[in-house]
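Go ahead and model the full structure; you've got the sequences and the hints to work with.
Respectively, the protein sequence lines represent chains A and B.
The first sequence runs 1 to 499 under my numbering.
The second sequence runs 1 to 155 under my numbering.
One or more of the hints may lead you astray.
To be verified - Under 7 Å between C-beta atoms, here's a sample of chain B residues computed to sit facing chain A:
no., residue
1, Arg-82
2, Leu-84
3, Ala-94
As the list claims (entries may be wrong) - Per the computed footprint, the stretches of chain A lying under chain B, defined by three or more beta-carbons under 8 Å from a beta-carbon of chain B, are:
no., stretch
4, 46-57
5, 186-196
What the hints contain is simulated information worked out from the structure, not anything from laboratory work.
In this text the structure is predicted, and so the values were computed from the model without any measurement.
Ideal Cβ placement from N, Cα and C applies to all residues, glycine included.
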Amino acid sequence: MDALHHLLAGFAAALSVKYLLFALVGCVLGTLIGVLPGLGPAAGTAILIPLTFSLDATGAIIMLSAIYYGAMYGGTITSVLINVPGEAASVVTCIDGHQMARQGRAGSALGIAAIGSFVGGTLATVALVVVAMPLASLALKFGPAEFFALMVAGLCLVVGLAGNNMMAALLMTVIGLLLALVGVDPVRGAPRFTFGVEELYDGIGFIPVVMGLFGVAELLLAAEKRQTHMVEAELKSWMPTAAECKQSVGAIGRGTVVGFVLGLIPGVGAIVPTFMAYVLEKRVSKTPERFGKGAIEGVASAETANNAYANAAMVPLLALGIPSSPTIAVLMGAFIINGITPGPFLFQEQPALVWTVIASFFVGNVLLLILNLPLVGLWAKLLKIPFSYMCAGVLIFCVIGAYGLKQSLFDVWVMLGFGILGYLLRKLDFPIAPAILALILGPMMEKSLRTTLEISGGSFAIFLDRPVALTLLAVPVIVVGFLLFKPRSLAPLREGDSE
Amino acid sequence: MRQGRLIATGAMLVFCLFAVWQSSLLSLTDRLGPGPGFFPFWLALIGVVLALALLFTTYREPAAPAADDEVRILPYGVGGMRWLAIVLLMAAAAAAMEVVGFRLAMLVFNAALVIALGERRWWVIALFAVGGSFGVYYVFTHWLDVLLPDGRIWS
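Below you can see the structure in the form of structure tokens.
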């Protein structure tokens, strides 16, 4: 009842003109980012952070969240119309979505994607309301040892999904953690790895690094590729027929469950739920031979799972303070920029903010449905923006974002440096996601560990006395250790770095 | 690809070794418990072990098929020129911004970048360059309260 009461208050705030406008702008910009091939939700959310500098914390989070799930839907449009996924999670949608477009059913594919995204996103938010508060209450009983173990578990899960690249993922995690430690030691105040550079006393900025690794690196990769000839599919209508809707009901239901459950697990990424929902749908179908040839259930399942995942991924962030993907890490960065630490205390200390943001997820899903069904044709036209203007436009935002936070040109150089680094790491198949999550969790991990060891007088035996911490530490470490030495016997599920 | 991975892992090994050395200069423990060097020291040491293990496994990997060898790590050809144009123009803009400010630096950056990426219509270039520098500056500083560099020569 308490949650319902807070949620209603959240709706009252989220439906105010100001926050409705922020959600609308976020949905529009997010869809735009999703439509433009190459720019994923992580890059999009990061490069649009400067737009929120002047907003209050609630408005900033509402807009950035809307950008996130707007981008998750926007990628569908290019997947269906030109067979190019606008973001990594839309790869699966290409399989049947583009086939439908070739058969003259692009409108049905986009329509069912919008409906599935709406249903998946809304039901996942309902589940978020039910799950998040009890989870946060449970986490309130955690001490620093449990929090340290929880963060280790989160990072291990991200690493564990790197497949055959797990050793590289572990190394990237360590590099990310080390970069997070640059600056003044939060406990004793001693400078570390600063080399007398004044700008480094505050640490390496998370936002310039993310903008570099995702925004700039993605542009550099896109700039290098040769232009390909794109065939546009004809868009006759934007609504699926009644028969197609009936055919998709089961797929939407199953996609919601798959997306929500996998969204709760840190590190899974958006590709895995979409892929699993698609495979599940093919398995349960009486006519699996239609899949890959324009089966509407294929589009419905993948798109529903995609948006259910996006909303469910907010649960670990809001309730535990653990980002489950790079995009959620960017959102966590936005919380921190606004002086708010996501986690179990959020529900106690900032109930108005957190419930308004949750209510805005519902509002955002409705806005996306309203925006996407009739405006599909308009979004498709955006694909005609030449790369030169898109590239310059994105770089303008990157410069403003990197500079604007601390008014430091040093951060612009940091962004450029990490852009080049991100480009090389992607070419060499080093996973970037673990480093991003480690970069944002690093300071909190160190603080938790050091507080734990101060309590125990420097003894690690304290973890043995705390069963929750011990379990949280042991299980993922054992699983990663097992996978590390048996990598070739298990099918790898590789995470797309853009999500 | 394999050679590139070996070089990159080697660089990470050097980075971790450097971090071990730097953190060993800080206090690892004191009377209150772990010191500022404690976490980075052990972390960097783990990084060294991981980098060595990755070097070893990459070195022992069987030779990649011919198609894989064709994957070039560094940019090349026309795409490489576009890549270089973005990086150099970004660096030039970042360097110039401190002196001439956001507006002038981005005016030149926008015009030069779209030309480098293939645009030839002068009026479109001019419109985009002005909008993307003076226009963006106005929107962010006046409407969104974001401070942008004005440049030393104007102050």
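Going through the hints against the structure:
1. For B/Arg-82, the shortest C-beta to C-beta distance to chain A is roughly 4 Å, which falls under 7 Å, so the interface hint holds.
2. Restraint check, B/Leu-84 versus chain A: the minimum CB separation of about 9 Å is more than 7 Å; hint violated.
3. Contact between B/Ala-94 and chain A, as hinted, is supported at the beta carbon level, the nearest pair being about 5 Å apart and thus within 7 Å.
4. Given as covered by chain B, the stretch 46-57 of chain A passes the check, having 4 residues with a CB less than 8 Å from a CB of that chain where 3 are the minimum.
5. Requiring three or more residues with a Cβ within less than 8 Å of a Cβ of chain B, the coverage given for the stretch 186-196 of chain A holds, as 5 such residues are present.
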